[in-house]
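These protein sequence lines are chains A and B, in that order.
Anchor point for the first sequence: position 380 equals 380 in the numbering used here, and the numbering is continuous, going up by one each time.
Adding 1000 to a residue's 1-based position in the second sequence gives its number in the numbering used here.
Check before you lean on any hint, since a few could be wrong.
As the list claims (entries may be wrong) - Pairs of lysine-lysine, DSS-like flavour, derived with a Cα cap of 25 Å:
| id | chain 1 | residue 1 | chain 2 | residue 2 |
| --- | --- | --- | --- | --- |
| 1 | B | 1046 | A | 37 |
| 2 | B | 1046 | A | 97 |
| 3 | A | 498 | A | 248 |
If you are wondering where the hints come from, they were derived from the structure by calculation, not from laboratory data.
Single-letter residue listing:
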Amino acid sequence: MYQYDSLDRDILADRSAEFRDQVARRLSGEITEEHFKPVRLMNGLYLQLHAYMLRVAIPYGSMNAKQLHKLADIGRRYDKGYGHFTTRTNLQFHWIKLADTPDILDELASIDMHAIQTSGNCIRNVTADPYAGATADEIDDPRVWSEAIRQWSSLHPEFSFLPRKFKIAITASAKDRTVAKAHDIGLMVRRARDGTLGFEVIVGGGMGRTPFIGPTIREFLPAHRLFSYLEAILRVYNRHGRRDNIYKARIKILVSALGREAFAREVEEEWSKVGEAGDLPDTEIARIRGAFSRKAFETLPAQSEVYDAAVSADPGFARFARNNLKPHKRQGYTIVEISLKGIGETPGDATSDQMDVVADLAERFGQDDVRVTHEQNLVLPHVKLDDAPEVYRALAAAGLGTPNINLISDIIACPGLDYCALANARAIIVAQDIARRFADQDRAEQVGELKIKISGCINACGHHHVGHIGILGVDKKGEEFYQLTLGGSGAEDAAIGKILGPALPLDRVTDAIDTLVDVYLRERQGDERFLDTYRRTGDAPFKEAVYAETH
Amino acid sequence: MKALTANRLSDGEVVFWKAGTWVERFAEAELFSVDEPAILAEGQAKSQPTVVVDAYLIDLIESEGLWAPVSYRERIRALGPTNHMHHGKQAEGGDAILALQHAHGAARSSGRVNLIKRK
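Could you put the whole structure together from the sequences, leaning on the hints where they help?
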């Protein structure tokens, strides 16, 4: 992975010292909350319902064992012994004291991490494929470009006060694991017929109160022109994005208002002005690339006797292997997905002890590499098949062996009203209740891939718009109600879900999900996923079943 | 009936006004049956910017013979998150906590008084 240089470390040391002084001045009354709030937000520190929340950036969801051990340590010393992995592949600590924060930022700096640009109207953490460097079907390693964007966008003076926050995703595989089409910019790595590396550029996707699947504004951008083109997009947005209305300030509104063609024309015009001076030299990309190509893979047979024996002998491992192990580009290796969706647990939460277990496994068996997925799970991307049974046993002993990746209980849920000052309703307990209903893993596997995503308010941190089943918490006269949407997708076949009908009270949501699953199993043809069946039948049979009682 | 709440500046802890000081337990909060002293207290709270952040009045309802915040959001603030019952003030247990947990119904979405005027 990328290593910080002395310049990076100096910047973090300066920033941390600056914030220490700002906190001291706030506590002494020298500066007011009005002045301090934007400063703390620029360091990822929010004030939530019960305490301060610190959002730590995990660049493109990638970290090493030492970093994860330190995050565990911070959770233990400054929080309540846990952390919460988010849909932006960051980590949030929910019980932080303001007075402790400067020390925590120093701790983070000691492992080359920080909380800069995890809030505010700037370019946020880039989302990249969590299988980067491990999956066979990728055209290029998206982390190289993610890291280059991280360096380019960090403290970028021109793009630190955009009309609104700005999120970029990069995927290099046919299978999109980043929700690229629902980002401000989605970059899909492509290779031209002549072998040239480049990107399909999608702009203006997003969720929130006005969801859009982003249109493609350029089918093929040569990779070496990426940064001048990004600069052109950001400049057009900075110039024309609305600053008068926070609800209309994201780039998706601008792209929608201008139309794809007109927006693309504006970008092309600006791009011609920026010129090649705005691009990174190939030598710099090569330098960054070097940091990601040091994996020492062994030459192994495709079959592993240890693995095969464990599959035969241990039904628990066999189930884990079916659902949580994914094909690796090198024979004899596998990608291990670690579910943070234990049945009845909080989606995305990991205790400090669990983080330590994962970090130890990454060191012993996983080439010191850990990833965070936008679906709030962790990944060990490079594990030998020979080691997979031992990794599974260690995970299971730590409560991390839940074999439910992509199944109905692998639910995204934002913190919701249990923590978040913006939320209208709780999301976590809805996820917990659904997971308990579908705790029978045989039934969950029979249902197959079904992505449920839950948000506690219209800001859609829980990605409900792109859930096969989306659940949005709303406030109806002070009571928690939940609106169901069907047919969304955050994958390469991205789609915004359609509202099924009137919102349901909390105590009817799990029954409604059960009903939707029953309808799917009744209507399913062949190998159809829930989403496929819904797309074929439309919402009529689902709607009829869920609202039967009220008719 | 009303109470005055805020988050403590130094650690973000949810606190309630009690005769010029701040207490952590809702059960110990000063209750205002008329508006005038409540508004006066809110004004005093706002003059303590190094002690608390964002002081505001909340509406209360009766629950099991005790008072509870009218809105769900405020009850969660007074109790702690419902996904981790051992976190927050709810971990202490007792009748006052039970009364908050059993309270239901809400006349307004936020339970926060003068929310619109404040913005």
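Check your understanding: Hint by hint, which ones does the structure fall short of?
Key -> Going through the list in order, the structure violates no hint and respects every one.
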